[in-house]
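Trainee: Listed here are the chains, written in short residue letters.
There are 2 protein chains.
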Amino acid sequence: MQTTQTTTDTTSPDSAAYAPTDRTVPTRAKERASYDKETVFQILDESYVCHLGFVRDGAPVVLPTLYGRVGDHLYVHGSTGSRPLRMAGAGQEEQADPGLQVCLTVTHVDGLVLARSAFHHSMNYRSVVVHGTARQVTDPEEKRTALDALVDHIVPGRAADSRPANAKELAATAVLRLDLDEVSAKARTGGPNDDPEDMDLPYWSGVVPLRKGYDALIPSTDLAPGIEVPDYLIEL
Amino acid sequence: MQTTQTTTDTTSPDSAAYAPTDRTVPTRAKERASYDKETVFQILDESYVCHLGFVRDGAPVVLPTLYGRVGDHLYVHGSTGSRPLRMAGAGQEEQADPGLQVCLTVTHVDGLVLARSAFHHSMNYRSVVVHGTARQVTDPEEKRTALDALVDHIVPGRAADSRPANAKELAATAVLRLDLDEVSAKARTGGPNDDPEDMDLPYWSGVVPLRKGYDALIPSTDLAPGIEVPDYLIEL
Chain A
971 MQTTQTTTDT
981 TSPDSAAYAP
991 TDRTVPTRAK
1001 ERASYDKETV
1011 FQILDESYVC
1021 HLGFVRDGAP
1031 VVLPTLYGRV
1041 GDHLYVHGST
1051 GSRPLRMAGA
1061 GQEEQADPGL
1071 QVCLTVTHVD
1081 GLVLARSAFH
1091 HSMNYRSVVV
1101 HGTARQVTDP
1111 EEKRTALDAL
1121 VDHIVPGRAA
1131 DSRPANAKEL
1141 AATAVLRLDL
1151 DEVSAKARTG
1161 GPNDDPEDMD
1171 LPYWSGVVPL
1181 RKGYDALIPS
1191 TDLAPGIEVP
1201 DYLIEL
Chain B
971 MQTTQTTTDT
981 TSPDSAAYAP
991 TDRTVPTRAK
1001 ERASYDKETV
1011 FQILDESYVC
1021 HLGFVRDGAP
1031 VVLPTLYGRV
1041 GDHLYVHGST
1051 GSRPLRMAGA
1061 GQEEQADPGL
1071 QVCLTVTHVD
1081 GLVLARSAFH
1091 HSMNYRSVVV
1101 HGTARQVTDP
1111 EEKRTALDAL
1121 VDHIVPGRAA
1131 DSRPANAKEL
1141 AATAVLRLDL
1151 DEVSAKARTG
1161 GPNDDPEDMD
1171 LPYWSGVVPL
1181 RKGYDALIPS
1191 TDLAPGIEVP
1201 DYLIEL
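First to last, the sequence lines map onto chains A and B.
Numbering-wise, the first sequence is residues 971 to 1206 according to my numbering.
Numbering-wise, the second sequence is residues 971 to 1206 according to my numbering.
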């Protein structure tokens, strides 16, 4: 769903979709790309880790990390001593913060696509790629909101059912914000796209769906007496 | 398992572990890092997509992509028209190929770690980060081997049970090789690391393991008559 400059809709195109840019229009398989915000939010909210890319000494670095979303903002966190946080200016005065150019990518692998031809083997997946500048969060209120979002991203409802960070923990934690602005989603669904002349070849073809969900909870062995499994875990 | 220069073992240290470098020694949680080759191979072989990072116009780009492994070489592929492949010099003469600096990262999320304190919430994960220069594969034999590895990475045994790429498909496909040389693995396992003073707080704590495996196969609707599910899928 691309926005256009000629829309006569009275609602802002920004309310429903991101504007495509040179970086977010793929060179290949353009039909798999989407700029629809709801699609982007669903993919982001369903994943547990993102892959955060940044440039260090001219070379790319890609690290897996937790994240949280609050509306059109993504938050990642880390020790104030970690490399990307230091590079983003954690601990510096806000006005001196140059930010850190990042690319934040989230991917779900949904199924293995087995075609008759080796060439058409593929994956069913959903991904979101976000380009932008991550900046440290210095406002204490926003920092608390971001940390709650990070915990609630692991399990919705969990932030309210755990001990909030104390002053020492807050001081040791740096939070970066990345605004959702230059964003695209991409997805592949369905069966293999075999060539017509391959249809009668003697190879099984189809999709192997990857299993999703959770296995049985493993409670800590030292749980205080009388603590029951909370509803938000039963409902997972 | 770090190698040392003072080992008296008669086997080469390179045979069992990668030598740590400035880029592969983490600034935080060093005890979670490993340079053991078998550990690295297991993590790489069990995942389906990697996140490939590179630098374009000075900014980081992180894209999910399939990969395959042959010994100490990783292979990624793509259309000769795709950005990272073009940037790596696909289509150029080999002697002019400058390669593409990349960071290739693979991550498994194994469980959600719910601590009594928000601060100690975490994930159980296993990841591998590879730094290096990806170069296009021009040798036809190596290219075929790489493409077989890419298909066999999806499902072991599948390359031999599908139609091999023909000349036109081979010409349309670029393959990049990344040598496993500057590599580290990182993992977190086990329960939450709550602080001693938090042990009696009235919050459930423990681990929510993520389910792994496969759901029921979805055969193509137009399978030729008499095609049965192959053993390598039954054994998945």
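Hints were generated in silico from the structure; no laboratory data involved.
All values reported here derive from a predicted model rather than from experimental measurement.
Certain hints may be false.
Note that identical chains are pooled: a pair holds if it fits in a single copy or bridges any two copies.
Okay, derived cross-link-like pairs now, SDA-like style, lysine to any residue, Cα gap no bigger than 25 Å in a straight line [as the list claims (entries may be wrong)]:
#1 Lys1000 / Asp1122
#2 Lys1007 / Thr1103
#3 Lys1007 / Thr1035
#4 Lys1113 / Met1093
#5 Lys1007 / Glu1139
#6 Lys1007 / Ala1029
#7 Lys1000 / Tyr1202
#8 Lys1113 / Thr991
Trainee: Hints first: check each against the structure and report whether it holds.
Mentor: How the hints compare with the structure:
no.: 1; hint: Lys1000 / Asp1122; in the structure: neither (33 Å within a copy, 27 Å between copies)
no.: 2; hint: Lys1007 / Thr1103; in the structure: within (19 Å within a copy, 35 Å between copies)
no.: 3; hint: Lys1007 / Thr1035; in the structure: both (22 Å within a copy, 23 Å between copies)
no.: 4; hint: Lys1113 / Met1093; in the structure: between (37 Å within a copy, 21 Å between copies)
no.: 5; hint: Lys1007 / Glu1139; in the structure: neither (33 Å within a copy, 36 Å between copies)
no.: 6; hint: Lys1007 / Ala1029; in the structure: between (31 Å within a copy, 24 Å between copies)
no.: 7; hint: Lys1000 / Tyr1202; in the structure: neither (39 Å within a copy, 33 Å between copies)
no.: 8; hint: Lys1113 / Thr991; in the structure: neither (30 Å within a copy, 34 Å between copies)
The earlier numbered hints that this structure contradicts are 1, 5, 7, 8.
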